[in-house]
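> Line by line, the protein sequences are chains A and B. All residue numbers for the first sequence refer to our numbering, where the first residue is 83 and numbers rise by one. All residue numbers for the second sequence refer to our numbering, where the first residue is 2 and numbers rise by one.
Source of the hints: derived by calculation from the structure; they are not laboratory data. Just so you know, these numbers come straight off a predicted model, no measurement behind them. Note that the Cβ used here is the ideal one computed from N, Cα and C, for glycine as well. Be a bit skeptical, because a hint or two may be false.
Stated by the list, open to error - Straight-line Cα separation of at most 25 Å, BS3-like style, residue types lysine-lysine; simulated pairs: (1) K18(B) with K160(B); (2) K41(B) with K180(A); (3) K169(A) with K40(B); (4) K169(A) with K18(B); (5) K250(A) with K132(A).
To be verified - Short derived list, chain A residues pointing at chain B, Cβ under 8 Å: (6) F153; (7) F154; (8) T170; (9) F204; (10) G205.
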Amino acid sequence: MSQKVLLTSKEVNIILNRLACQLIENHLDFSSTVLIGIQPRGTFLAERLKDLLEKEYNINNIQLGFLDITFFRDDFRSREKQLEANKTQIDFLVENKKVVFIDDVLYTGRSINAALTAVQSFGRPSEIELLVLIDRRFSRHLPIQPDYRGRQVDAFNDEKVKVCWKEKDGEDAVYLN
Amino acid sequence: MSELSVNHLLGIKYLNKQDIDLIFETADHFKEVINRPIKKVPSLRDITIANIFFENSTRTKLSFELAQKRLSADVISFSTAQSSVKKGETLIDTVNNILSMKVDMVVMRHANPGAAYFLSQNVKASIINAGDGAHEHPTQGLLDSYSIRERLGEVAGKKVVIVGDILHSRVALSNIYALQMQGAEVKVCGPKTLIPKYIESLGVTVEPNLRKALEWCDVANMLRVQNERMDVNYFPSTREYAQQYGVDKALLNSLNKEIVIMHPGPINRGVEITSDVADSEQSVILDQVENGVAIRMAVIYLLASKIQ
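Build the full structure now, drawing on both the sequences and the hints.
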């Protein structure tokens, strides 16, 4: 099957830096902001951004958690393959905090919908924002849009956007299959 | 993700090692869920579960109900004391009547061994056995192994002795199957009258001496003497049983190592174990109860995902 490169390693790096700067613009020192990576694949992006913010932009004490939404999905039992649960690790209260959800690809919006419900188990955030690396346009099932986006792409429904990370897949890149 | 190899949980006997691993991994996630400020997930909001208890139960029934509610399932509970079973209705009729109210899953405890299997062959619903006579009590077997895994890191290679009334115990049989499947070594210990005649054919050894058994093991699972199932006297007196097969703190302290004490409850304090043992650091009895909810959530969740 043909594979098209959407983003190269260099482009991913530039985008990560831009997203980090955009986050700083809105959250300054992150004193009342928490980052939450959506399991399973949003966690890589979240870790990267935290790393970048700390090392390149000298922002310390960034709180980062991971949220698994498996048990909150609305398509449980209607999928052919059973969903695999992942670890939720949120060691802080989100009560009155600004929460930034971080995920690799925004497609139908159903994962984010589930995440909005799931995060309520940890308190009532003062506001929730969404950061994604890839925003697939014209494919939303729900009125959900990102606040920060790396790249907007148009893709057919039977195409798959694959985000690769150095620590998991050996390279930073985004492909369209 | 792999899924369970079965559509019902009738006994540990029908599971394989992968099933147990999957249940434990899922239970790890649910254990995290039940320690959140809001201990509930909406996964099973379209599922209705009937809890049918033809025998008394406190812990198991509460644990199942709580697990179902934490998964957002709709729950109806029924015990025979107030039901038409007393009017002579058959098991299949009773259950089919409940199922015609659009119930997806049945959790059943029954005094007859094989009742859950019988039901699974005759009605259209996912069946979970919550204890069938002296046969199996699979969720208890799972949560006991899970508690050992939690305390000791793994089950494989561990030595477990099951002490007491093996003859009338469904917990014993489910434990033996579950532990052996995971690579643990199992001994049973108790008065000869309460050890089934062919128990060794299951690959377990019998150790009549409690002290020797405890010195051998890493974990001692102390079973309750089931007076309600005994039609004749199996031992001379409770006092004599407690002296020979009861564990007290002095006995525990005199062993050359620290062992883990388990008990499926309800405890006859002063018979199987004394209060200071039940409440000691070595006991995981209350962890077993907490893990029971997580294990039952995992089992219900995994079986529900197979309902079409």
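> The hint names F153(A) as touching chain B; please verify it with the least Cβ-Cβ distance against 8 Å.
4 Å, holds
> If you take the shortest Cβ to Cβ gap from G205(A) to chain B, is it below 8 Å?
Hint on G205(A): holds, closest Cβ of chain B at ~7 Å, below 8 Å.
> Does K40(B) lie within 25 Å of K169(A) when you go C-alpha to C-alpha?
15 Å, holds
> Given the proposed pairing of K18(B) with K160(B), does the C-alpha separation stay at or below 25 Å?
Given pair K18(B), K160(B) holds - Cα atoms ~18 Å apart, limit 25 Å.
> Do the alpha carbons of K250(A) and K132(A) lie within 25 Å of each other, as the hint requires?
17 Å, holds
> Holds or violated: is there a CB of chain B closer than 8 Å to the CB of F154(A)?
6 Å, holds
> Does K41(B) pair with K180(A) here, judged by a C-alpha cut-off of 25 Å?
23 Å, holds
> Take the C-alpha atoms of K169(A) and K18(B), compute the straight-line distance between them, and say whether it is at most 25 Å.
22 Å, holds
> Do the numbers back the hint for T170(A), that is, is its least Cβ distance to chain B under 8 Å?
6 Å, holds
> Answer holds if the nearest beta-carbon of chain B is closer than 8 Å to that of F204(A); otherwise answer violated.
Holds, because the Cβ-Cβ distance from F204(A) to chain B comes to roughly 7 Å (cut-off 8 Å).
When the structure is compared with the earlier hints, no violation turns up for any of them.
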